[in-house]
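Protein sequence lines, in the order shown, are assigned to chains X and H. Heads up: the first sequence begins at 1 in the working numbering, then just goes up one per residue. Heads up: the second sequence begins at 1 in the working numbering, then just goes up one per residue.
Where hints are given, some of them may not hold.
One copy or two, either will do: identical chains are not told apart, so a pair holds if it fits within one copy or between any two.
[Said to hold, decoys possible] Pairs of lysine to aspartate or glutamate, EDC-like flavour, derived with a Cα cap of 16 Å:
{"#": "1", "residue 1": "330", "residue 2": "61"}
{"#": "2", "residue 1": "443", "residue 2": "348"}
{"#": "3", "residue 1": "404", "residue 2": "457"}
{"#": "4", "residue 1": "360", "residue 2": "69"}
{"#": "5", "residue 1": "141", "residue 2": "66"}
{"#": "6", "residue 1": "140", "residue 2": "69"}
{"#": "7", "residue 1": "450", "residue 2": "348"}
{"#": "8", "residue 1": "141", "residue 2": "69"}
{"#": "9", "residue 1": "39", "residue 2": "352"}
{"#": "10", "residue 1": "141", "residue 2": "152"}
{"#": "11", "residue 1": "39", "residue 2": "273"}
Just so you know, the hints here were simulated from the structure itself, not pulled from any lab data. Values in this document were obtained by computation on a predicted structure and should not be read as measured data.
There are 2 protein chains.
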Amino acid sequence: MCSVTNKDVGKMDTFLRQNEPTIQFLLEMVDILTNYVKKTFDRSTKVLDFHHPHQLLEGMEGFNLELSDQPESLEQILVDCRDTLKYGVRTGHPRFFNQLSSGLDIIGLAGEWLTSTANTNMFTYEIAPVFVLMEQLTLKKMREMIGWPDGEGDGIFSPGGAISNMYSVMIARYKYFPEVKTKGMSAAPRLVLFTSEHSHYSIKKAGAALGFGTENVILLSTDERGRVIPADLEAKIIDAKQKGYVPLFVNATAGSTVYGAFDPINEIADICEKYNLWLHVDGAWGGGLLMSRKHRHKLNGVERANSVTWNPHKMMGVPLQCSAILVREKGILAGCNSMCAGYLFQPDKQYDVTYDTGDKAIQCGRHVDIFKFWLMWKAKGTIGFEQHIDKCLDLSQYLYNKIKNREGYEMVFDGVPQHTNVCFWYIPPSLRGMPAGEERREKLHRVAPKIKAMMMESGTTMVGYQPQGNKVNFFRMVVSNPAATQSDIDFLIDEIERMARDL
Amino acid sequence: MCSVTNKDVGKMDTFLRQNEPTIQFLLEMVDILTNYVKKTFDRSTKVLDFHHPHQLLEGMEGFNLELSDQPESLEQILVDCRDTLKYGVRTGHPRFFNQLSSGLDIIGLAGEWLTSTANTNMFTYEIAPVFVLMEQLTLKKMREMIGWPDGEGDGIFSPGGAISNMYSVMIARYKYFPEVKTKGMSAAPRLVLFTSEHSHYSIKKAGAALGFGTENVILLSTDERGRVIPADLEAKIIDAKQKGYVPLFVNATAGSTVYGAFDPINEIADICEKYNLWLHVDGAWGGGLLMSRKHRHKLNGVERANSVTWNPHKMMGVPLQCSAILVREKGILAGCNSMCAGYLFQPDKQYDVTYDTGDKAIQCGRHVDIFKFWLMWKAKGTIGFEQHIDKCLDLSQYLYNKIKNREGYEMVFDGVPQHTNVCFWYIPPSLRGMPAGEERREKLHRVAPKIKAMMMESGTTMVGYQPQGNKVNFFRMVVSNPAATQSDIDFLIDEIERMARDL
């Protein structure tokens, strides 16, 4: 590494010496961070220390968010860092159940620290040789798990599932109407997209952004478990065609955000084949189940999809952000997105420039999201991810079994959940005798927000709630944190019951 | 922090003990990373240790990129990490001049390590209270620097300048044709966008993605310094209107990618006002100059823009990724992008939900890009950024002065560069006597790639090259790394001359 001759050794040493205190600063930071990590796994630590926006804005003792012209001392910077963590939320805490992404994987964390130290950019092999190859190999491995022959195809890591889903709509449009790239949407007929009423809102967002219009994103009806009804899809395709619109794209969700539902991919794929439509599978949340021999059948038919979104930062515990869009047809990503900017992607480089990825992205610079995932895969092996996923699904079934017949609980849908989502109402004692009707609905609608507010004020646990369709606010419990155990599930139930006692 | 009663202390201790080796692992990683940081600043270390893709794929000694079913030992994981760094590129090295983003700021790095440890998501105040407020305050500060009254307006950090520019086109369309959100592009007339032929390709990419079509992105002519000619803009607006098209949006570049040119914003703003067009300023590269009292005049008129892209990860040395889209009109970002997903953004939370940012983004989950920037601003103060920027511009002027009359150099354009971009041809001795003409052009076109390949093979320095318009390959030198000094500039010149001696 040190073979370069140079004449600046004296100056360089001075520079290095000047930087010594800053390396020292880095080590003091590491001390703060490792303490934080240890406490995160310590159940006697709160999940959060809640303050309202105005409280933090007014400034907590010694913690001032305002920026100024003058520098602060390094000592103050370290205090700021401690306070930033103190008033934040411990998303790795074993009792944090609020989001689809949770947990704090040490290997993944180390990977992310290395990534920020390397501080490079994915657009060319030239400046990210190792990371570009890791991305290529990992995407191939993911395509093999999807079941595409020899893992052939294409793909890219993007800044989250919403952008991955947006890619899928873009490439579907490019496949059927490539002239839209140059001529705009006026070169195509009125195109319509189909997705479940339970699907993630990013499909609608993509419809708005890409110039389709949200009215042309047609929502499909689902069964009581939140799964698309294939007959409804076919009826709506026929209806759209009769109106003179052109069906283009169907999104099947593998693991919906609220119910954790898996749409029947094979039946949907049959319809897509019949009508020649692009089939996308949004497995942002459920894609991880492909790693589990026990659960991967829930995605049966995924190998028939044209594109798949899969977020390792959700079910697989990879630190944020880590989302992949995988595409069955090779070359179409570049075809759709390339602009051939000569100043970035020079064809006359000395290496094989097909490894440069920048021109297939909608981004220019692209953060290195691959390394932490690659490193976790190395450290756990596929079987490690499988164990993690099976454990989380077991835990959520433990919760389901515990509350399905328990006094004060009503399940939002019947039967064992397909994913780790367990959706339920807690009925406080005061509502238990009340007859069904608008008054009870209104009162029940306010229960989950009240319990959630108490949870956040006391800081003991966090779980999400939301309404869905005509259903009033209910809790959506999810497990993706490998640190969670049955005792944490028990704790959550105790907390809900304790807090709701007087509601 | 430790006030929660719980009954699991025994189990918890076990969990913690089990995790001790992993904290140890983290510390061993820190050791690898701090060594890497120290060496990065050491000029006797190579910038890179180049290998071709096939070499790395075949596997270097003990470094195998392939993923497997079975886990690797932690020892091997540490070796993998060392190798990942070994075969990568030191973008913080004082002699790395290849990209607009370079340098390795220790405070920014520490900030990014904290961010990954906190591992949360920007979409709600609920799970990122401190980061959400930091983003809000920092965006306000940036708007103040732009010159919008009281720093009012809106904005968001996005995954890079290309996405920030895409936002600007989306909100311009929403401002003038809000019905496109629901009805699609067919609800609007044929819309056209204007941007310089020297501008970043992301404007064209946005045109393709959002359904305008690249043919409706009209390229503006520039003067010999790469700056838009306002009269050409007006002529092209008039021409488009005569054809029945509807001009919508003008992008003015503040700091172009290759020449570092600043378009004359005030003159462009006059035209935008006259024709009622949205004015966007792409200051991804040049926005940082707003921090410098000496150089901010180059962006005069930026306060008249409707939106501004500004990437602190470029000129301000913030680690990747850190890009902001700033908008003068409040509420329009949310108006453009909101889908009101009830399961994410519950209106009945106990805190002021106007702090939730998710519904104004095109993403759902969003990486925390703010903290490292906020922390650097705290540690440096505005004056620290100013010093950094002034120093980089001084250094590039040093290079310009050194080579403008030096034998063997030809400047691509005359006069002191506006930004740190210095564009030049190196003419090897064998070409110096050759008459102008196609043969000389062809030979000269091959010089920069050859020198670049030699640089990469020897690993001593890196600088970018590209063709532009009808100009054959030339070097584009940029300085954004605070560690670079005059001696590094001298070194670069020596290296080029040494390598090109026999070309």
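Each hint tested on the structure:
no. : hint        : verdict
1   : 330 <-> 61  : neither (56 Å within a copy, 31 Å between copies)
2   : 443 <-> 348 : between (69 Å within a copy, 13 Å between copies)
3   : 404 <-> 457 : neither (28 Å within a copy, 65 Å between copies)
4   : 360 <-> 69  : neither (41 Å within a copy, 30 Å between copies)
5   : 141 <-> 66  : between (46 Å within a copy, 9 Å between copies)
6   : 140 <-> 69  : between (49 Å within a copy, 14 Å between copies)
7   : 450 <-> 348 : between (63 Å within a copy, 9 Å between copies)
8   : 141 <-> 69  : between (49 Å within a copy, 11 Å between copies)
9   : 39 <-> 352  : neither (47 Å within a copy, 29 Å between copies)
10  : 141 <-> 152 : within (10 Å within a copy, 48 Å between copies)
11  : 39 <-> 273  : neither (52 Å within a copy, 57 Å between copies)
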